[in-house]
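Participant: Chain residues, written in single-letter form:
Protein chains: 6
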Amino acid sequence: MEKEYLLANMTWQEVEKRLKECKIALVPIGSTEQHGPALPLSTDHYIATQFTHRAAEMIWDEQKVVVTPTITFGFSPHHMEFKGTITLSELTLSSMIADICHSLDQHGFEKIVLVNGHGGNETAISNALHDMHGNIDAKVYHANWYNMVGEKIREIVTPPLYHACDMETSVAWYLGQRVLEDKRVDEPGKSLVPGFISPDMSATGPRASVSYNFKEITNSGVVGYSTQATKEKGKQIVDTVLENLVRFIREIAKI
Amino acid sequence: MEKEYLLANMTWQEVEKRLKECKIALVPIGSTEQHGPALPLSTDHYIATQFTHRAAEMIWDEQKVVVTPTITFGFSPHHMEFKGTITLSELTLSSMIADICHSLDQHGFEKIVLVNGHGGNETAISNALHDMHGNIDAKVYHANWYNMVGEKIREIVTPPLYHACDMETSVAWYLGQRVLEDKRVDEPGKSLVPGFISPDMSATGPRASVSYNFKEITNSGVVGYSTQATKEKGKQIVDTVLENLVRFIREIAKI
Amino acid sequence: MEKEYLLANMTWQEVEKRLKECKIALVPIGSTEQHGPALPLSTDHYIATQFTHRAAEMIWDEQKVVVTPTITFGFSPHHMEFKGTITLSELTLSSMIADICHSLDQHGFEKIVLVNGHGGNETAISNALHDMHGNIDAKVYHANWYNMVGEKIREIVTPPLYHACDMETSVAWYLGQRVLEDKRVDEPGKSLVPGFISPDMSATGPRASVSYNFKEITNSGVVGYSTQATKEKGKQIVDTVLENLVRFIREIAKI
Amino acid sequence: MEKEYLLANMTWQEVEKRLKECKIALVPIGSTEQHGPALPLSTDHYIATQFTHRAAEMIWDEQKVVVTPTITFGFSPHHMEFKGTITLSELTLSSMIADICHSLDQHGFEKIVLVNGHGGNETAISNALHDMHGNIDAKVYHANWYNMVGEKIREIVTPPLYHACDMETSVAWYLGQRVLEDKRVDEPGKSLVPGFISPDMSATGPRASVSYNFKEITNSGVVGYSTQATKEKGKQIVDTVLENLVRFIREIAKI
Amino acid sequence: MEKEYLLANMTWQEVEKRLKECKIALVPIGSTEQHGPALPLSTDHYIATQFTHRAAEMIWDEQKVVVTPTITFGFSPHHMEFKGTITLSELTLSSMIADICHSLDQHGFEKIVLVNGHGGNETAISNALHDMHGNIDAKVYHANWYNMVGEKIREIVTPPLYHACDMETSVAWYLGQRVLEDKRVDEPGKSLVPGFISPDMSATGPRASVSYNFKEITNSGVVGYSTQATKEKGKQIVDTVLENLVRFIREIAKI
Amino acid sequence: MEKEYLLANMTWQEVEKRLKECKIALVPIGSTEQHGPALPLSTDHYIATQFTHRAAEMIWDEQKVVVTPTITFGFSPHHMEFKGTITLSELTLSSMIADICHSLDQHGFEKIVLVNGHGGNETAISNALHDMHGNIDAKVYHANWYNMVGEKIREIVTPPLYHACDMETSVAWYLGQRVLEDKRVDEPGKSLVPGFISPDMSATGPRASVSYNFKEITNSGVVGYSTQATKEKGKQIVDTVLENLVRFIREIAKI
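Residue numbers (the working numbering), protein chains in the order written: chain R, 1 to 255; chain D, 1 to 255; chain U, 1 to 255; chain G, 1 to 255; chain H, 1 to 255; chain C, 1 to 255.
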């Protein structure tokens, strides 16, 4: 059996056996939402899946883990004006995450890592963590791949870091995602309140927030410079993320 | 692009274009739950995915459709005593289905077919259909593959028809699922109220129901005669199901 | 005291005493919904009540039971275009059923039988059973009277078996319901997806489902041949149902 | 047809016709809960039903009304220590009331009167009224029969007025309820906070409240002097209530 | 530290210490809603806060208590047509009350008194009490200041007693609330069903209820004779309420 | 009238008049939770209130605004092991915020700024913003005062920036909060996953998160160096925050 960390590929007896040597489960979480003219709707769940599977492979010899099926739908109402986007409600998503964690906990997994690839999911994930707090034995960790990059690596990409941008396109590309190379566009995105609310994860200074539709800040669905994306950049970022992710799993295994 | 019916593989502009020739969306629904010692946890969602993708391919030239990512988690609390099973609550599952349908409806899909592979999901699917009734423009259809078999085909399999049984194992095998051939077992399952509540979808006569855990009726997780399963039987059943599924899509395309 | 199986007619001390010899409670469930021009809105709850009371009387000497007040309102949104229909939401109905069962359970009843007379309630009943699973000591059984008929008895009635049809009208009539004999009509009902979705409980072959309003398939509210109904047929069906129901209660009393 | 105000006894065409001359619907609401050693569990819903039916009969010639099936289960957790009591959650009950009113409203009833017989239901009824406010065209009125008594009539009964007391027993008796005459007991009930929280609807002076179980304030389930009850008193009270109820319906018919 | 009964002014160590001598917590509850042209929106929460703080001060030497921050928002949808009114949903309010009580209970407070100043909150408070019943160790009491007046004191004010009326204005004024003296108006309020539903807390005789908007019964927002209000009346009422409130706290301290 | 921006101090007519010149409402949000041995439980809501009132005063001459009563309770389950902390559930808090915003929106306020002082509230605020999105006309902005500091000002305080730390203590002190100067303590807080999950808002590098109780990372309730706090630092930070907050209000007034 290839990819033997995949929970869904095992029989229940195989899971029972695996639980004797492994108490860590990884849950990839993404979305099915527009990513501009060059990247498919699957981008977020594709990336989250790739990072999780690759991290599982990298750490396999030193530490067994299991990986559940990917949560392929996320919280994406702000992208609904772009065709094909599918969104769960925030409550559905957080309930789903909690249900999965409770199931894993019941089987004896002691550490669960939610590996998230979509910024829009963060609130729902936080709700799930809060709802489980005190009601679950397992420790549930939440790791966004884009927060595993560190500040340094961000220097190699052209800001803003936001959506289907240089960083995300480079990463997706390197990880094997379908990229419509010649459809890539650059669109910096509109600042909704100049100096306070701007579409850029790497922005500094005072900041506030507001709920909005992506159509208000971009026509193409892109916020960033996707024409700057290269597989080489992608490799550098992916390597860093995987290194950190593996190190993170190693750390929690000790707890 | 291979499998060009896959929504998640498209960009939003490609979906926009596809919507001009296609208003039908298919949503495969399964579960991640124990299927005895010979079949992996993925069995239900694997089968639902296979049937949906193959039906899409078969009907493609005459009728375009899109297929969303598969709902890989289902309602499976009754299997939780078998390791690895993951269950959503019934409310989470029905909300998830409704959220996906509302998203598709908002984009202009007019007919949605939920292709289900897990009996335990039927109540949640029914809840979702009821909740959407009057609140959605699209027509949402619910088709269980095992109800697309018809009475005749059932004659080729050894009853009971229930879980990881002759029929399901044959179908999964033919569709390419990992089968641990020599781990297959036979277990007819216990009748909880003799003459009224028996684990067999093909049973006739008076019947009632009750909620139970699978451990009460089977030790192995199997209810049925999986040693009787063959790929040949699988092919016959799959062909019938696909023929009916394609015919069903053709019928609703006319409405 | 007549009908001494009626819980509501007892004082709390009488219930306390009865609990020493009886741990079985029966809960009739129906609806208040249109049943065409010849049958009153009460039909479903009238029938469920009659079957339950009569079964209680039949089994009384060998096995004491109690019968709660009937749930007279059900899930009937699809009938709302016909005046007088009252519908609960699916959640209200399932909560109500669960609340009643939890109350009975708390008093020490160990087996509860929901005797249902309305197909539209099945999903809500299923929700209630699932919600109680693991949270209640009592075993809760669900029996639809029309599933206590068995295949054979269906041969004496003219299909389709659906709503205010030959079978239902015959049964209601024999059980003493008000029947406006000369208002009876025949209307076979419309198939929403020919070959797959037809209004007939006795249909065989591949099948799917969809949510719809009764107005889409019938003008009169009837789906079936109510002019074929006779009290004699009613008697035959009622006798069979009662025989099975009594046998069912006898079986669960042994568990 | 006797009792031709009964909605459930009509066909949908009869309701349709009745709606041309009548826009007022009455909904009796009670409970299934202990009423001490002399009165059955049905007491509250029996009384509410009787008052509503009798008021409908009294006003029939001048004003047509319809009466829905009685809500026989109420909010009674505080009585659960007495066997046989069945309680809905407050949310289930208020949802049920709102569902029924929305159904009536949809058919064109313009005034709905909830005729309540159980003090424990008041909060849920209030919730239902609040939830419907602004979402329903019909005016929904809430009338407790014990608030239709007026201050004067209370003078003929021995206080406290609370539960299975002199007043309630007298009323039930006169209305034809089964009364175990020689089981009647007197129990004044315990004051939980003397001077502030006492079980007596007719108490004056400063007051506060607290949630409690009936077992804390009474051993028999009675709070009041049921041995003082007579059918004659019952008649006086019933006549007053009916007179007021009829007058109330007459008033709202004018609005 | 002034007002040393104020929970929020203490550090957690001070609360820990205080809990050794005091198990009683008081929670003032009001609203932010229109009170006619002479009283500010804060009136209900201002009065509730004042009564609670003053009662705490009066009883301090004999009995320590703590007072939580005031719940300043209440259930006021019926006032939304008057600018500035803020309303919570009934569920939000009852959840909030329950959350606060559960927190106090968890810290070891054994008696909690909700001191309410807004009639519109009564249903939500009742919901909260019911929801906590059986799930909380602390006893939770509910006291409306206007029910601490007693019948006698009401004689000094001009009826109706309802909203921004003689009684409320007098009380607010004496307690130091901002009163726009020359903007006071008299408006008796409209009876929605004469003889049954009238805006007057002091009304006797048969009564029913209905949900309505204040605009239907008053133009100014006042129901009552606020020009009759005086600080002297206010003092008399306040003294009585405080005396009763202090006596009430003394009583529950003994339990 | 002092502080004439305070909504609750106005009559409804005054609000009506104010709405002609002002469409901006500010809502301070805090918590009632432990802040170590030197700061009271009110700290977060005290600070949020102070910032909001002071900003309103500063911008008053150029731009009128109204300020609602402060939300004094927040989401603080992780502090419940420290006495006195009161927590709402995340759902209660988000519903409360949404209810308040919907009320303001209904009156015609077009821009609402939630001025938050408690990190633990961010998820609930985000939920509220998401829930209102598409259902409210007003733009709802979310500003945490600690995100109005900017990177530079952080340099004057000793890290970690977390809870009752140098920064928070300095700010509270300068704003007039009760500070038990000699009870101040230093406690850096425990890192739950070294290199990834550390209690410091100013930390850089890869990061993940997990739900935890404050007792796991601090004994005193403090995470930070509160002995380093001075009113002078407080002034610098407060001035910066106020300057940014005023600038933010000015910006949104233009939109």
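Heads up, some of the hints might be wrong.
Per the computed footprint, the stretches of chain H lying under chain G, defined by three or more beta-carbons under 8 Å from a beta-carbon of chain G, are [unchecked claim]:
#1 65-74
#2 129-137
#3 168-176
#4 194-206
Straight line, CA to CA, 30 Å or less: simulated BS3-like cross-link-like pairs of lysine-lysine [unchecked claim]:
#5 R:231 / D:183
#6 U:111 / D:215
#7 D:254 / U:190
#8 D:254 / R:23
#9 C:215 / H:111
#10 G:17 / U:215
#11 G:183 / U:17
#12 H:23 / C:23
#13 G:152 / H:183
#14 H:111 / G:254
#15 G:3 / G:215
#16 G:215 / H:190
#17 R:111 / D:254
#18 G:183 / G:64
#19 C:23 / H:17
#20 D:152 / U:215
#21 D:152 / R:20
#22 R:183 / R:3
#23 H:215 / C:23
#24 R:111 / C:23
If you only want the chain R side, here are some residues facing chain D, beta carbon under 8 Å, derived [claimed, not checked]:
#25 10
#26 13
#27 85
#28 154
#29 176
#30 182
FYI, nobody ran anything at the bench for these hints, they're computed from the structure. For clarity, every value in this text was computed on a predicted model and none was experimentally measured. Glycine included, every Cβ here is placed at the ideal spot set by N, Cα and C.
Participant: Now tell me if each hint is right for this structure.
Facilitator: Going through the hints against the structure:
no.	hint	verdict
1	65-74	violated (count 0)
2	129-137	holds (count 6)
3	168-176	violated (count 0)
4	194-206	holds (count 7)
5	R:231 / D:183	violated, 45 Å
6	U:111 / D:215	holds, 20 Å
7	D:254 / U:190	holds, 16 Å
8	D:254 / R:23	violated, 52 Å
9	C:215 / H:111	holds, 27 Å
10	G:17 / U:215	holds, 19 Å
11	G:183 / U:17	holds, 15 Å
12	H:23 / C:23	violated, 45 Å
13	G:152 / H:183	violated, 40 Å
14	H:111 / G:254	violated, 49 Å
15	G:3 / G:215	violated, 40 Å
16	G:215 / H:190	violated, 43 Å
17	R:111 / D:254	violated, 51 Å
18	G:183 / G:64	violated, 41 Å
19	C:23 / H:17	violated, 46 Å
20	D:152 / U:215	violated, 33 Å
21	D:152 / R:20	violated, 45 Å
22	R:183 / R:3	violated, 33 Å
23	H:215 / C:23	holds, 24 Å
24	R:111 / C:23	violated, 49 Å
25	10	holds, 6 Å
26	13	holds, 5 Å
27	85	holds, 7 Å
28	154	violated, 26 Å
29	176	violated, 13 Å
30	182	violated, 12 Å
In this structure, the earlier hints numbered 1, 3, 5, 8, 12, 13, 14, 15, 16, 17, 18, 19, 20, 21, 22, 24, 28, 29, 30 are contradicted, and the remaining ones agree with it.
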